[in-house]
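Protein chains: 2
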Amino acid sequence: MIQNQKSKELIANWDTLQRIFIKPEDEASRKTLLKYMDQILFGLHDFLNTHVGVTEEISLKELTRDFKDTHINKDPEKKLTDVITDIIDKIAPRAVNVASPYFVGHMTSAMPFFMVHLKTIITALNQNVNKLETSKILSVIEKQILAKIHRLIFKKEESFYQNHVQSTDTSLGAFTAGGTTANLTALWVARNKLFLPEFNFEGIENEGIAKAMQEYSLERIVVLVPKRGHFSLKKAGGILGIGAKNIVPIDMDSDHRIDLENLKKTIKDLSNSKNTKIAAAVGIAGATETGLVDPLSEMAEICKENSIFFHVDAAWGGPVLLSEKYSPILKGIEKADSVTIDCHKQFYMPMTSGMIYFKDPLAMDQIAYHSNYVNRLGSVDIGIKTLEGSREANSLILDSALKIMGSRGYALLIDHGIKTTKEFAIEVHKRQIFEVITEPELNIITYRILPPDLKIKLKKASEGEKNEITNLVNEINIRVQRKQREQGQSFVSRTRFLLLGNGKTESVVLRCVIMNPMTDINILKEILDEQEEIFSKLNII
Amino acid sequence: MIQNQKSKELIANWDTLQRIFIKPEDEASRKTLLKYMDQILFGLHDFLNTHVGVTEEISLKELTRDFKDTHINKDPEKKLTDVITDIIDKIAPRAVNVASPYFVGHMTSAMPFFMVHLKTIITALNQNVNKLETSKILSVIEKQILAKIHRLIFKKEESFYQNHVQSTDTSLGAFTAGGTTANLTALWVARNKLFLPEFNFEGIENEGIAKAMQEYSLERIVVLVPKRGHFSLKKAGGILGIGAKNIVPIDMDSDHRIDLENLKKTIKDLSNSKNTKIAAAVGIAGATETGLVDPLSEMAEICKENSIFFHVDAAWGGPVLLSEKYSPILKGIEKADSVTIDCHKQFYMPMTSGMIYFKDPLAMDQIAYHSNYVNRLGSVDIGIKTLEGSREANSLILDSALKIMGSRGYALLIDHGIKTTKEFAIEVHKRQIFEVITEPELNIITYRILPPDLKIKLKKASEGEKNEITNLVNEINIRVQRKQREQGQSFVSRTRFLLLGNGKTESVVLRCVIMNPMTDINILKEILDEQEEIFSKLNII
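Those protein sequences? They're chains L and S, same order as listed.
Our numbering applies: residue 984 is where the first sequence begins, and numbers increase by one.
Our numbering applies: residue 984 is where the second sequence begins, and numbers increase by one.
Keep in mind that the hints were calculated from the coordinates and are not lab data.
Note that the structure is predicted; figures quoted are calculated from it, not measured.
Just so you know, even glycine gets a beta-carbon here, dropped at the ideal spot from N, CA and C.
There could be a bad hint or two in this list.
Said to hold, decoys possible - Some but not every residue of chain L turned toward chain S, in silico, with C-beta under 10 Å: (1) K1061; (2) M1094; (3) G1162; (4) K1449; (5) N1450.
Bound-form chain L, shown alone (with noise of 0.2 Å):
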């Protein structure tokens, strides 16, 4: 039996590592493994339930200080037993606790369990959705899923759907890593789009983008991104040679979203340089900051007026769709030419999952590779025309969290989300030093502290003074953001805007997440005391 094993013996000679990769045949390993699993999901649980908010306070020093030694050890160092143990009594202590409903600063929260039971599952099968014959029926599966999805968003027809589902000439979408290579994907796709191959011009993919802009008489290719996009876009600008630079940012009106004025404009000023073009327009649904969502349905017809590749960044907000209630606030979302969904978001997927999605069938064409041992031309494989090469089949997992929880049972969780954090702004609202900056729409909120004093002070002041104040504003909203966060109670995150009123200098503002059922508005009051008692002992003003 393993656990009886001294550490040296589990590798010493041939006989134990093969046991390792042998399944148990009887009762007693059987038992062992089952053990292992015990301890896990309930050793974790304990940790998940006795720790509140961020974890463990330890300054990030102290916490390196045993983790300096590089040397790769030849003989064994542990036993499984003892590694589990290890990691639940010493290393999940110091981790955090997003699954802690006080822990409400990102967008990774707590999950359904069964969806550790559904990694576990992918985990042990290993297919390869790359290739057919590493996955067979898992490929099947993520088309049939895919086209579930594209569904949700496009709502085409069902001869559509029925020629596309399991077609293996075309692509409804893909799997990604997550959401920065499903905007990559889409950019990618954009880009292509612009520099088809015609007369000795072989295409941009091929030629690179050098010729294709000599081939095209151009000097600059730019994409429109809302200022409040992900950065993942302008990295995406980076790493396809467009040039960071040249992800030209769009400003938000008053509203904290795309300002469709300075959108017509830019468009406007663009196509008058006769050596521009723009690639593509992206509209976020649910930005990263504040959730909020740009008016998708008139961004895609500016960009149908102008011949624009539409892309929507909808990684947080694309599961809203599946709330009859919420569901309009994502409207026109089914213009757009691309749309990147995360899993690991808001379908309350583990780490890491993202999707990106196409409306015509064809356009991942613009992106196939081929090679002569996979992916053959010709070949159904799905890796043909992905970023990614080998991936795990993380669409059983969604595919199966859609059966186990209905579309409904989403519903109520968006619902939910969304529901608290509109009670929580009427919290805000009602507390004296706080100050709402961004009304939620989804579930995303960000406010910051502005004592009555400061906030009068703010009003009368001239410009230069603004900054001043400003910088004087940010400094409590940072100190007490930390100090919360040091407290380990519970966690907030922040991030700064440019604010009409605050002068020149960005405003730094305080944002919660409210995507954990477990978080309701008791615990979000408790979160907002501890912030004003934070304050009340900062001697700072």
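Given the coordinates of chain L, work out where chain S should sit on it, guided by the hints.
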């Protein structure tokens, strides 16, 4: 208790939904959760034991028939227990049993059983190592294991690692979604290093390729890749705007490794054309198709002489560094500027996880991106310098596996694979109708069926006839490989090479990847027997 609920009740109201988020408090539900895990681990175990090779023969068309419904159900379709049972009874038997010792066609194989446990742990913790605020100690562990592998590759002095292992300013590498994004990251850095900021030029990442090439008076940038390099390198060329065409293939020598003379000549030719710049040259440590290792040391010298960034794609071969016996094959890898290694290949980790390493701890500064809400300027978040955004803590799996196995445990696996592959080569040589194409250096072999009569014919044939005979031989090998795959007892893959003396037609070859420690020479003999039998029944000649 969960198991006794009807599916509708599972989501019908808020209470039941909450229950799936709360971890089980009582003994009864604890037992239920474990029962599921039991079902998963041992239900799948039965599948893995009773199915050999590629599973149940069923045509793709037949397979897809039941997977065409594209509606998402409003209410739950199934209870969790039914979903799990379905996966075990209906899905798994139609998946591919990559864990079978008879499955020797691809780089996916059996894993030590504890890998499933470790993946379950990181799933339950659900940390996002992109940022410290959602990972804390896991970020620290990730930096440590990155340093351990960096040391394994580059063998720098102790003080170097003490400086960098936990440094928040420098990066020794990064975990990636897989080898493809690892290679992409390497070439991204290499591309950017060519066009550093100067005067009014802000660097290629910001300004884009077109502007960069203008600034540096270039018309073409190229990357030199051995003809047998992985197709992700070509894809990276396309994505990065270099152009897939400018990923210049260097011919192989008669030994199926990069032809150094050809490399030198290509560099010289390209250097003569003053508007062309070489961004990088790539050496392969374990080619996907043949497992062969390029002469890394010599390549490194050539690159050094010509000031060319040298990347080694050791996605496959990297872990051979853990074997005292075979690590000399990778000699010269320590001279590389960057190295790709996959975790889900010879580190025997679950799908998917890759790594990229840079010798220079500042190299990744070339691809740094910041945002306001995480990864702020000056922050210690790992995600600042990675291609991917959110990432799971796969690093904890590698760290734990090395502790459980020790480098010697891995070495046993590596050594067994290579030894068995060499035995297999001897067996193939012995059998009349076969021909070894590439003698194994690591644990991959290519060979083909070439009956003696055709062998003689081929030798004597004119150039035109050679093509004809090669086509016939190809047809034989394709049919045998397909039939064997369909028979479902075992699986060998196939690819195609241009072979000397075979005309201008590429030759189809059979390919075995021998990494499963359960695969021994007797199993391989059975596989050859089956191929002989299938061949004897072909009425093709």
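Does L/N1450 meet its interface restraint, that is, does its C-beta lie within less than 10 Å of any C-beta in chain S?
violated, 18 Å
Can we keep the L/G1162 interface hint, with Cβ of chain S closer than 10 Å?
holds, 6 Å
Take the shortest C-beta to C-beta distance between L/K1061 and chain S; is it under 10 Å?
holds, 5 Å
Residue hint L/M1094, partner chain S, criterion CB-CB below 10 Å
OK, holds: L/M1094 within 10 Å of chain S, min 6 Å.
Is the interface hint for L/K1449 satisfied, with its Cβ closer than 10 Å to some Cβ of chain S?
violated, 20 Å
In the structure shown, a violation is registered for the earlier hints numbered 4, 5, in ascending order.
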